[in-house]
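Novice: Given these sequences and hints, build the entire structure.
The opening residue of the sequence shown carries number 1 in the numbering used here; numbering runs sequentially from there.
Because the hints were derived from the structure by calculation, they are not lab data. Note that the coordinates shown come from a computational prediction; the quantities given were computed from them, not determined experimentally. You can trust all of the hints, since none of them are fake.
Straight-line distance between alpha carbons at most 20 Å, and here's what the computed EDC-like set of lysine to aspartate or glutamate pairs gives:
no.: 1; residue 1: K68; residue 2: D102
no.: 2; residue 1: K68; residue 2: E58
no.: 3; residue 1: K68; residue 2: E42
no.: 4; residue 1: K68; residue 2: D154
no.: 5; residue 1: K68; residue 2: D32
no.: 6; residue 1: K68; residue 2: E78
no.: 7; residue 1: K68; residue 2: D127
no.: 8; residue 1: K68; residue 2: D85
Beta-carbon label-pair distances, calculated as ranges:
no.: 9; residue 1: L74; residue 2: A94; range: 22 to 28 Å
no.: 10; residue 1: A82; residue 2: L10; range: 31 to 37 Å
no.: 11; residue 1: A88; residue 2: A165; range: 17 to 23 Å
no.: 12; residue 1: D65; residue 2: R172; range: 34 to 40 Å
no.: 13; residue 1: I26; residue 2: D65; range: 19 to 25 Å
no.: 14; residue 1: R52; residue 2: D113; range: 23 to 29 Å
no.: 15; residue 1: Q57; residue 2: D93; range: 18 to 24 Å
Every residue gets a Cβ at the ideal spot worked out from N, C-alpha and C, and that includes glycine.
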Amino acid sequence: VLALAAAAALPGRVLGALCGAALAPIRAEGLDWFAGMHAGGERELRAAVAGREALEQELAASEFDPAKFTDGDLRALETDWAWLDGVASHGFDAGIGGMVDDDLALVADWGVDLAAVRTPVILLHGDADRIAPVAHARWLADRVPSAQLVIRPDDGHISVLHGAADALTRLRERIAAA
1 VLALAAAAAL PGRVLGALCG AALAPIRAEG LDWFAGMHAG GERELRAAVA GREALEQELA
61 ASEFDPAKFT DGDLRALETD WAWLDGVASH GFDAGIGGMV DDDLALVADW GVDLAAVRTP
121 VILLHGDADR IAPVAHARWL ADRVPSAQLV IRPDDGHISV LHGAADALTR LRERIAAA
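Specialist: Here's what the structure looks like:
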């Protein structure tokens with residue numbers, strides 16, 4: 001999300017952007033934004049729409065539900081991407097403040113025109129993602145003129161990262177050709 005916003009707002013400074021498992025803007029016209037999300041994630045982001053206090057209450061009352069991840073996601077977090085779980089866990093060392101800020105940012109107005117993005121963009125998404133449903137990537141691809149959509153069959157929110165190296169190579173090639 002931030003990569004697309006930077007590409008739109010800073011066209012002379014951003015050479016390219018790789019967006020993995022990205023959500024579309026909350027007011028994405030023609031997109032049922034919550035459709036296909038894991039129920040817990042939907043509750044969390046609906047609370048974010050309601051505001052900081054509602055979100056903090058939702059997060060305090062909720063528990064981690066591994067069902068938001070696919071089996072492939074869970075395997076990835078136990079093997080090649082285990083380090084990511086460790087890094088993300090440290091984000092909670094000082095409480096839920098970082099997660100609250102992230103969720104509020106996800107449902108805020110981006111303030112950029114996606115149609116203005118001209119730098120090469122790769123949208124990498126798993127078609128089994130339960131956190132950021134693949135419809136979001138398709139919506140973004142339809143609105144970012146320079147976007148190339150890469151959908152990985154059966155990948156979820158984490159396992160899609162297995163395609164990151166290839167996506168970065170593809171992005172580098174597109175930047176070189178631009």
